[in-house]
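Visitor: Letter by letter, the chains look like this.
There are 6 protein chains.
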Amino acid sequence: MSRTDPELHESVEGAAADIASMEIRGAATIADAAAEALAAQAEDSDADDPDEFRAEMRAAARRLRETRPTAVSLPNSLRYVLRGMDGETVPELRESVVESAREFRRELDQAQENLGRIGANRLRDGDTVMTHCHSTDALSCVEKALEQGKDISAIVKETRPRKQGHITARQLREWDVPVTLVVDNAARRYLDEVDHVLVGADSIAADGSVINKVGTSGLAVNARERGVPIMVAAQTLKLHPDTMTGHTVEIEMRDEREVLTEDEEAEINGDADGEGFAVENPAFDVTPPRYVDAIVTERGQFPPESIVTLMRELFGDQQGGEPWEE
Amino acid sequence: MSRTDPELHESVEGAAADIASMEIRGAATIADAAAEALAAQAEDSDADDPDEFRAEMRAAARRLRETRPTAVSLPNSLRYVLRGMDGETVPELRESVVESAREFRRELDQAQENLGRIGANRLRDGDTVMTHCHSTDALSCVEKALEQGKDISAIVKETRPRKQGHITARQLREWDVPVTLVVDNAARRYLDEVDHVLVGADSIAADGSVINKVGTSGLAVNARERGVPIMVAAQTLKLHPDTMTGHTVEIEMRDEREVLTEDEEAEINGDADGEGFAVENPAFDVTPPRYVDAIVTERGQFPPESIVTLMRELFGDQQGGEPWEE
Amino acid sequence: MSRTDPELHESVEGAAADIASMEIRGAATIADAAAEALAAQAEDSDADDPDEFRAEMRAAARRLRETRPTAVSLPNSLRYVLRGMDGETVPELRESVVESAREFRRELDQAQENLGRIGANRLRDGDTVMTHCHSTDALSCVEKALEQGKDISAIVKETRPRKQGHITARQLREWDVPVTLVVDNAARRYLDEVDHVLVGADSIAADGSVINKVGTSGLAVNARERGVPIMVAAQTLKLHPDTMTGHTVEIEMRDEREVLTEDEEAEINGDADGEGFAVENPAFDVTPPRYVDAIVTERGQFPPESIVTLMRELFGDQQGGEPWEE
Amino acid sequence: MSRTDPELHESVEGAAADIASMEIRGAATIADAAAEALAAQAEDSDADDPDEFRAEMRAAARRLRETRPTAVSLPNSLRYVLRGMDGETVPELRESVVESAREFRRELDQAQENLGRIGANRLRDGDTVMTHCHSTDALSCVEKALEQGKDISAIVKETRPRKQGHITARQLREWDVPVTLVVDNAARRYLDEVDHVLVGADSIAADGSVINKVGTSGLAVNARERGVPIMVAAQTLKLHPDTMTGHTVEIEMRDEREVLTEDEEAEINGDADGEGFAVENPAFDVTPPRYVDAIVTERGQFPPESIVTLMRELFGDQQGGEPWEE
Amino acid sequence: MSRTDPELHESVEGAAADIASMEIRGAATIADAAAEALAAQAEDSDADDPDEFRAEMRAAARRLRETRPTAVSLPNSLRYVLRGMDGETVPELRESVVESAREFRRELDQAQENLGRIGANRLRDGDTVMTHCHSTDALSCVEKALEQGKDISAIVKETRPRKQGHITARQLREWDVPVTLVVDNAARRYLDEVDHVLVGADSIAADGSVINKVGTSGLAVNARERGVPIMVAAQTLKLHPDTMTGHTVEIEMRDEREVLTEDEEAEINGDADGEGFAVENPAFDVTPPRYVDAIVTERGQFPPESIVTLMRELFGDQQGGEPWEE
Amino acid sequence: MSRTDPELHESVEGAAADIASMEIRGAATIADAAAEALAAQAEDSDADDPDEFRAEMRAAARRLRETRPTAVSLPNSLRYVLRGMDGETVPELRESVVESAREFRRELDQAQENLGRIGANRLRDGDTVMTHCHSTDALSCVEKALEQGKDISAIVKETRPRKQGHITARQLREWDVPVTLVVDNAARRYLDEVDHVLVGADSIAADGSVINKVGTSGLAVNARERGVPIMVAAQTLKLHPDTMTGHTVEIEMRDEREVLTEDEEAEINGDADGEGFAVENPAFDVTPPRYVDAIVTERGQFPPESIVTLMRELFGDQQGGEPWEE
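Residue numbers (the numbering used here), protein chains in the order written: chain A, 1 to 326; chain B, 1001 to 1326; chain C, 2001 to 2326; chain D, 3001 to 3326; chain E, 4001 to 4326; chain F, 5001 to 5326.
Hints are computed from structural coordinates only; laboratory data are not their basis.
Don't take each hint at face value.
If you want the footprint, here are the derived chain F segments under chain D, 3+ residues with CB under 8 Å [to be verified]:
#, region
1, 5140-5151
2, 5203-5211
3, 5244-5250
4, 5283-5291
5, 5301-5307
Residues on chain F that point at chain A, a partial pick, calculated with CB under 7 Å [to be verified]:
#, residue
6, G5119
7, N5121
8, I5167
9, R5170
10, A5294
Over 12 Å on every C-beta distance to chain A, these chain D residues come out as not near it, computed from the model [unchecked claim]:
#, residue
11, T3029
12, P3050
13, E3113
14, G3149
15, P3178
Everything numeric in this text was worked out from a predicted model, so none of it was measured.
Here a beta-carbon is modelled for each residue, glycine too, at the ideal position from N, C-alpha and C.
Construct the entire structure; sequences and hints are all you get.
Guide: Structure representation (structure tokens):
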């Protein structure tokens, strides 16, 4: 990594800065900006020969990549675009990168809609879904089902600690979907009234595991026990190619104040100094594939055990490392 | 039921009034007061013949019974005392009732301690328990284990909506037990670090089901899936003899404000009138016996499938109705 | 067995003859006749001493027993009555037998009603039950639920080969219960609409197994997989005390013509002689206790794993052999 | 759909008419006729330019497609042939279509034999299979196993309501396979004697579900519980590409007279008017992939969770809609 | 415990010494000797009053008890005999103890035979059993089945580390039972050929768990998965009443040389000093009740979940401590 | 097969001879030698035209293939190289074969290292693995984890009959990994202390089954029941393409003397002639995919249900037979 990096286009530098500063945020927005920046780099490249061009593109990708080392959508965007780089001459290479970025961005733009349409097809008129947390991918399935003229009801888990269920409930109410809000503890009791558990995903691993808001796995195990199918809505941006090489997804531990106020903590600890007392607040958990019936993406639905095939198709098999590595 | 009830002793009337007004409350306190009142009625009875005496006792029991028709411990106390009524003469009957009440109260006084000792025997030095809600019976097992010199740690679920986990955490911290507090959604993620799920019970049914704070059943299903044994601590007062005759336990629906503030609800509903939106807040749920490894009572531990045997032994088999019926 | 049997009362001989010739038939009717005959024998006995009286009663029981060696209700009736035989003198013994027979018959008379009331308590207003075969015990639960003012619907499996589901459907229609009739193959598809699987039993074994119309076990396994509770309605007459000593219940193989007409068989075999082709038509199958949620009897409901306790209570523990053995 | 469709070849019109009138019927026969018609259209096309040619082919495909909107094999045939259409000139395009149709038909012709050979390899000498319904694909596995010199026995479920088990039994008897016929209810009882459950499929969904004759799913759940592997024999024609986009397979409801004669129904309803009584007669049910061990196709065997990969390979990923859409 | 113990009979002292020195060994032999000693103490007692007599008996029991604090059969013998002590006068008390001891010893003498007969009834002609370790109770079931004229075959697991399977195989061969010996690792592969898993027990806990030779639980889990019933043969002597009060059964860790020779260990450790390397050799493991179909005792067969009822019946409910405590 | 085979290169004949005589042995070594031999044949070929060249290569492959008809790695090597044969002229064909062989050998050389790195990523610092048998692929995962600086402990099953666990233990000790050795029977008892079951594979079938040392499947079933993930480490050489066409993997039966010495056998049989006694010693067993969480190969990790996709990618789909067939 000690080589001189080629000069990078200002679009790349700008996008990198904005992603790093979180002015650009959200999985899809980041991915879009990264693809756009690569296209700009390609279009304006002064590279003299194919090798130089390729090096330039790799450098641009590296620059963007390092802004958010744990994001999933960002490297997926870079992988997709660079995998489309093909040709014997600089103009061919340029054209291929620009086209690959365009394709990526076009699909990204359509992805949630397409995903929603596919997911909606799994829902039947009169169905009740149970939701966990807030996922625009999952909600898109409901929205499209409504557009198909289906009546859908929802049982919404509040999703402690941050109660994103309230956001889900609000969105569903805007669409006039009947909503019953319950605490997470009540989920099993209501599963008998539910036709589908419908959740999103933070990311999806090559072994078919679904990483999603903490509580998903417990819900899925109960849904299986109650005979209720579990459907995960996740754009292919959420596929996590690092996991193809065995990497596990690091689970973020969030601020304990989401769980407990200082006053509540003081009351628990009484006069003691708080040693021996801890709050743990993991953001996500891991649902094994055997508790998921289908992963719905914008490219079709898949059993979780075969999502690795799609991952390899879209982002390569990670053999020989990342496309931006020297 | 249209017959003239015999005159009741002031102790009975007093206890009935205090139970009805909830001045006397808590499962064990109510049961104790009821047994005491029956003993007072027996001791001061002027009944001329055995039939009159028995009628008087039945009337006293009915009076007490009707103050809280859905309580479990109250009728169990009455059943126990009246089942001990035996003899051919008024003095014999009186003596038997007084003795039966004394025995009941003595056992009740010892019950939690005995239960705790039995439950503690299931715990090993170094074990970690996961708790749900707040149960003095369950905590008694930990307390006795500590007294036995065992190191015990706890992962405490906060137990939405009322967060009784905080009370549990506080008690455990007073005993210097290391506590990790987690939201209910995080339970499955921490089960791999847990040696026992330890919960109490609101009541226990003849088919071996455990009725307890909502969320218990979902936790138990996950514990089974993770290979963690589930232990329910419940005094025999919690056994629910009505269920021997097939009655199901009515699940109380609590105030929705425990789940959602008015402001939160307003935000969800936006400008809409709230129709189509509901909060459901069940207090309890039902855990089938196949997800419970042992029910620990003050009279020993039992597989949930055989608790009905203990129920019949203590409170009769409900054939021929309740002992206080005419 | 080479001793001279005492002379038997004509009631005993008459009942034995009628049971043998199947003029008396049906589990409850046989049991009632047997108890009545034993009472008659006791009342008219000329026995000079207690031993002679006891020998006479045992002989009467043996006589009745041998008329239908594989029935379950017949020996249960004899066991119950003889277990009640108690006393030091002939009059005491006589009185005890007569009383025991009276008690047995009184309870028998009430049993289905009591069972129905208990089973009905498990059903809730609006519930849908799925039935298999035709069982008056199971139907009694529905009848009592209707009397309790509950709305009950039914999905009725036709129950090949003999289609006793039609009889069930007819009875339910008489009570105005909405009925959907399906073939047995369609059961799993409709389980999601069902709140209880409700079946009777041919007999119940000490290990908690339920022997019932063939197809019950497959249904129960599917109901468990779909999260639907399974409820077996069976009077205690159906308990099979022989199984306490490990005996398995012989499954009757019925006429193949119930399954296949001669024409159908000819068509299958074509010109061949039929060797290599067989029809097997077992009447019953065995459902393990882990697929049954509750056995509802007239003496309360029990988890299947604890029914052996009731069996021992009612009919003894089979230690020292049958009460009628010399 | 308001554009002028190009003129279609008489072969296309003829095939369309015959398919619509069901003169051409059976999944394979329809598929073959459709491919043949597309080839004829291609061979005789007068199209002046590639676009016109392509439009003509799409129109022909649409014409054929609309004759049987719910068939699976018909659109699969069209997809396969049109996916093979490739080239820059009309002659190239023509050649590619003709070749693609020829390939499709050649494979179709061999498919059942190839499938049978693959399935036979899973069977061992001396094995007993249990069959449900009648499937020539499933039977082909047995036939090839017999040709391999293996002894195979069969337990044949009669498969109410239409008793296609009789057809299966007859075929097996012609091959001299020992057959035991049982009612569907008896299946679980005989699973312990069975080495493989062997069934066909009506269609197979992208989430790995198997849609087959009603009763299959209940059998599969029981087979799993009994430790018996479940093998589905299905030509790739049965793969249902619509399900890649989330569509569920509509389950046909068949005539209630298959289940119940008018006389039987009258007897059930007695004097009542039949309101409140219904017969439901679904043709198929859905078996989740976790209850299937292998799907045997003419292109190899697959775990059900990976069949979507084959589906995408053969028929495209349904991105951008059907190949015949304008 | 600081009181002067009454003088004990020489039989008691002798039995105590022989048990302590292991001259008397084996669960049944120890139990028999203890009961005999109590009877001798009772017969020769010079106690002046009932209280003195009772104190003497308790002292005798304590003396015997303390010789082998972890045995199960020894205290069970003492519990049984002392529970039979009843009466108002010394002669009555003496008579009751002598009779209780006689009854206990008579039943003990018959227990294995009775158990064998009951277990044999579960086996059918032609059945194959799989055995683990060596259990005379389990073998008694096979022996009685052979006496009933049934053909029984066996698959015998060698049962590392001590290979007691060889003893089982030898016994079965003496009875001419066809035996296939396999290593423990091969068990699952042969389960499909097995009709019953048949094992003994070291002890049985109140929660229905079976403590038996290490490897039993893994076998039972696999047998359940393969659909093979699991049958535990255990005389009631093996019931472990301490577990009623929650005590867990301490698992003996045996000599590592049973697992590994010194040479083998040296080869593993190479030149290293062996730190970081350990052999663990537990004698037993715990099988949860849900993996056991029936426990066969000399008093009948029981589902494991109801064995606690038998335990309470035979040995009391442990309320108020042990009968020998002051 | 009656045609005259082309003359084969001495490298091919030499390799064939050495493989047949087992001078070349071990899955990877054989595969390497075969690829090298094919490259030599290609380089020195005098073929006049492409057809001749191809025939020569097929003949060389057949020659090599027939030396060890049941090996897995050998035909995989041949398939890989021949699938890379591509071109219109002899030089092109030659070049492609040489390059394909080079690629295969290069990957083979790296495979275990790559696999180890991928597997290591699944392990976390502080994890304990349980091993069965001895697998260099599995050990490579541990080795790489150690290189990543992770602390790993191991519980090593001895793996009767051949106790390859000792070899595993020795290797782990060399790397200073803390090892606890247990008999196979003790595995379930220690699963609660284990984070991963880590095993190799003898071969892997298209239906996702893992064929590995006997005992693997029983361990996997128990690991699933205990909630412990199961990870199989297997280079793609172990994929068994024959299974794509339904072939099952023949399980080798090994010498009974591995299980039982002659003396032990004599002792079991006593004076009898040994008829009726058998030892069965299967080398492997089959673990269904539902008990495996991930298969780790050098090309990434896969759920077992999708390994068929990789198999098809690397070795073709077996349509049209093997590449060496005429």
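Visitor: Under 7 Å, Cβ to Cβ, is where R5170 (chain F) needs to be relative to chain A, so tell me if that hint holds or is violated.
Guide: With Cβ-Cβ at 26 Å, over 7 Å, it is violated.
Visitor: Can you tell me if the region 5140-5151 of chain F counts as covered by chain D, using C-beta to C-beta distances under 8 Å and a minimum of three residues?
Guide: It is violated, with 0 qualifying residues against the three required.
Visitor: Would the stated hint for A5294 (chain F) survive a check requiring a Cβ distance to chain A of less than 7 Å?
Guide: Nearest chain A Cβ about 4 Å off; hint holds.
Visitor: Please confirm whether P3178 (chain D) is truly not at the interface, meaning its C-beta sits more than 12 Å away from all C-beta atoms of chain A.
Guide: holds, 37 Å
Visitor: Would you assess whether P3050 (chain D), listed as outside the interface, keeps its beta-carbon beyond 12 Å of every beta-carbon in chain A?
Guide: It holds; P3050 (chain D) is separated from chain A by about 22 Å at its closest Cβ, greater than 12 Å.
Visitor: Verify that the Cβ of E3113 (chain D) lies farther than 12 Å from every Cβ atom of chain A, and report whether the claim holds or is violated.
Guide: holds, 28 Å
Visitor: Report holds or violated for chain D covering the region 5301-5307 of chain F, Cβ cut-off 8 Å, minimum 3 residues.
Guide: holds (count 4)
Visitor: Taking 8 Å as the Cβ threshold, is the statement that the region 5244-5250 of chain F is covered by chain D upheld or broken by the three-residue rule?
Guide: Holds: 5 residues of the region 5244-5250 of chain F have a Cβ under 8 Å from chain D.
Visitor: When the nearest CB of chain A is found for N5121 (chain F), is that gap smaller than 7 Å?
Guide: Holds, because the Cβ-Cβ distance from N5121 (chain F) to chain A comes to roughly 3 Å (cut-off 7 Å).
Visitor: Holds or violated: is the Cβ of T3029 (chain D) farther than 12 Å from all Cβ atoms of chain A?
Guide: holds, 29 Å
Visitor: So is the region 5203-5211 of chain F in contact with chain D by the C-beta rule, three or more residues under 8 Å, or is the coverage claim wrong?
Guide: Holds, because 3 residues of the region 5203-5211 of chain F bring their Cβ atoms closer than 8 Å to Cβ atoms of chain D.
Visitor: Have a go at the G5119 (chain F) hint: is there a Cβ in chain A nearer than 7 Å to its own Cβ?
Guide: holds, 6 Å
Hints 1, 8, 9 from the list above are not met by this structure, while the remaining hints are.
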